Amino acid sequence: MIDRRTLAFFLCSSVFFGGTFVAAKAGLEYFPPLLFVAIRFDVAALVMLGYVALTASGDDLLPETRGDVVAILATGGLVIGLANALLFVGQQYATSAVGSIVFSLNPILTPVFAAVLLSDERLSRRGAIGMGLGLIGVALVVSPDPTALLGGDAFGRAILFAGAISAALGAVLIRRAGSTATLSSTVRIAWGLPIAAALCHGLAYSTGESMGSISWTTDALVALGYVSIVAGVLAYIAYFGLLEATEATTANLIFYVVPVVSTLGGWAILDEAVATSAVVGFLTIFVGFAVIGSDSIDLRSRLPGLAVDAPACEEGASVTDEPRGYRSD
Numbered sequence: 001m002i003d004r005r006t007l008a009f010f011l012c013s014s015v016f017f018g019g020t021f022v023a024a025k026a027g028l029e030y031f032p033p034l035l036f037v038a039i040r041f042d043v044a045a046l047v048m049l050g051y052v053a054l055t056a057s058g059d060d061l062l063p064e065t066r067g068d069v070v071a072i073l074a075t076g077g078l079v080i081g082l083a084n085a086l087l088f089v090g091q092q093y094a095t096s097a098v099g100s101i102v103f104s105l106n107p108i109l110t111p112v113f114a115a116v117l118l119s120d121e122r123l124s125r126r127g128a129i130g131m132g133l134g135l136i137g138v139a140l141v142v143s144p145d146p147t148a149l150l151g152g153d154a155f156g157r158a159i160l161f162a163g164a165i166s167a168a169l170g171a172v173l174i175r176r177a178g179s180t181a182t183l184s185s186t187v188r189i190a191w192g193l194p195i196a197a198a199l200c201h202g203l204a205y206s207t208g209e210s211m212g213s214i215s216w217t218t219d220a221l222v223a224l225g226y227v228s229i230v231a232g233v234l235a236y237i238a239y240f241g242l243l244e245a246t247e248a249t250t251a252n253l254i255f256y257v258v259p260v261v262s263t264l265g266g267w268a269i270l271d272e273a274v275a276t277s278a279v280v281g282f283l284t285i286f287v288g289f290a291v292i293g294s295d296s297i298d299l300r301s302r303l304p305g306l307a308v309d310a311p312a313c314e315e316g317a318s319v320t321d322e323p324r325g326y327r328s329d
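In full-length UniProt numbering, the protein residues as written are 1 to 329.
These aren't lab readings, by the way, just hints derived from the structure by calculation.
Treat each hint with caution, since some may be false.
Cβ-Cβ distance ranges computed for the label pairs, FRET-style [as the list claims (entries may be wrong)]:
1. 225 with 60: 24 to 30 angstroms
2. 62 with 125: 40 to 46 angstroms
3. 234 with 208: 31 to 37 angstroms
4. 276 with 206: 42 to 48 angstroms
5. 206 with 25: 21 to 27 angstroms
6. 92 with 115: 30 to 36 angstroms
7. 205 with 56: 31 to 37 angstroms
8. 53 with 268: 34 to 40 angstroms
9. 210 with 117: 37 to 43 angstroms
10. 267 with 8: 20 to 26 angstroms
11. 50 with 115: 37 to 43 angstroms
12. 234 with 25: 17 to 23 angstroms
13. 211 with 3: 43 to 49 angstroms
Only a predicted model underlies this, so the values are computations on that prediction, with no experimental measurement involved.
The beta-carbon is built from N, C-alpha and C at its ideal position, and this holds for glycine as well.
Could you put the whole structure together from the sequences, leaning on the hints where they help?
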């Protein structure tokens with residue numbers, strides 16, 4: 001049974017990340033994509049560094065183990081920096097519907113990396129069925145044009161797919177580093193955001209993007225504020241807290257909910273119509289989650305000697321408890 005804290009992390013990260021697509025759609029009219037991402041993380045890094053400086057002691061801010069370093073690099077380089085850079089660039093070459101479909105492959109990719117890099121996570125047959133239903137639901141929600149999925153610009157889809165791979169691999173590496181990591185998720189994000197910002201600035205410079213091409217309007221500032229503070233700070237606090245509280249495979253199911261939030265946000269804010277197929281998609285995603293939620297992540301099958309009726313399970317102990325060495329906020 002999922003606890004309230006984990007559920008809160010899941011819902012907050014889903015909603016905050018979902019709103020990113022609406023804000024990004026508005027902001028890309030005023031910013032070149034890589035600079036948009038870079039400035040987003042500049043602002044987010046300043047806010048997060050200020051927050052941890054006020055709330056954490058000096059001893060809690062410094063990485064102490066190899067696991068800390070790996071988790072910081074995976075956070076800033078893969079999950080935050082590279083994944084977002086590829087997402088924003090890829091959206092230039094593909095429709096938002098196609099982008100949502102491709103990026104929603106994240107929960108499908110995560111178990112692949114988890115099976116190789118983690119010893120205690122394996123997707124059961126029931127979990128695979130539930131994820132398949134979730135992916136079908138996402139497709140119904142965004143209602144893509146089949147010709148857009150099968151034709152169009154393959155380069156754009158490849159970039160988006162690379163972003164999904166980056167996010168999935170990073171999430172699994174963070175989970176793998178958990179046995180020796182000592183930093184809290186918030187402190188790790190504070191280290192990771194400047195890395196992400198530096199990476200995106202380097203990519204922006206290498207592609208010739210310049211500050212002179214930015215149009216500083218009120219709408220641009222509102223979009224930047226959302227992707228920086230809400231999606232760049234609050235969403236990542238919730239997401240990495242979720243990674244500490246549950247398996248990487250389960251945590252990345254938020255990428256099935258993000259298109260739902262984006263669709264509803266477009267309807268509420270941008271007056272975009274919600275098709276009947278989208279409603280069917282919402283229900284399909286719900287059914288998929290119901291299947292996944294019923295013991296679908298079969299961790300016990302990978303732990304020798306741990307039977308279903310073991311006393312530890314009867315007393316409420318969980319094989320997915322927070323890894324030793326992690327400190328959550």
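Are residue 225 and residue 60 spaced within 24 to 30 angstroms by their CB atoms? holds, 29 angstroms
Determine whether the Cβ-Cβ distance between residue 211 and residue 3 falls within the hinted range of 43 to 49 angstroms. holds, 45 angstroms
Looking only at beta-carbon atoms, does the pair residue 276, residue 206 fall within the given range of 42 to 48 angstroms? holds, 45 angstroms
Could one say that the CB atoms of residue 210 and residue 117 fall in the range 37 to 43 angstroms? Since the Cβ atoms of residue 210 and residue 117 sit about 39 angstroms apart, the hinted range of 37 to 43 angstroms holds.
Could you see if the CB distance from residue 62 to residue 125 stays within 40 to 46 angstroms? holds, 44 angstroms
Confirm or reject the claim that residue 206 and residue 25 have a C-beta distance inside 21 to 27 angstroms. Given about 25 angstroms between the Cβ atoms, the range holds.
Verdict for residue 234, residue 208 (Cβ pair) under range 31 to 37 angstroms: Since residue 234 and residue 208 have Cβ atoms about 32 angstroms apart, the given range 31 to 37 angstroms holds.
Outcome for the supplied range 31 to 37 angstroms, where the beta carbon pair is residue 205 and residue 56: The hinted range 31 to 37 angstroms holds for residue 205 and residue 56, with Cβ atoms some 32 angstroms apart.
Residue 50 and residue 115, beta-carbon distance inside 37 to 43 angstroms? Holds, since residue 50 and residue 115 (Cβ atoms, about 39 angstroms apart) stay within the stated range.
Quick one: are residue 92 and residue 115 within 30 to 36 angstroms, going by C-beta? holds, 33 angstroms
Go ahead and decide if the range 20 to 26 angstroms is satisfied by the Cβ distance of residue 267 to residue 8. Holds, since residue 267 and residue 8 (Cβ atoms, about 24 angstroms apart) stay within the stated range.
Can you let me know if the beta-carbon spacing of residue 53 and residue 268 is within 34 to 40 angstroms? holds, 36 angstroms
Violation of the numbered hints given earlier is absent; every hint is satisfied by the structure.
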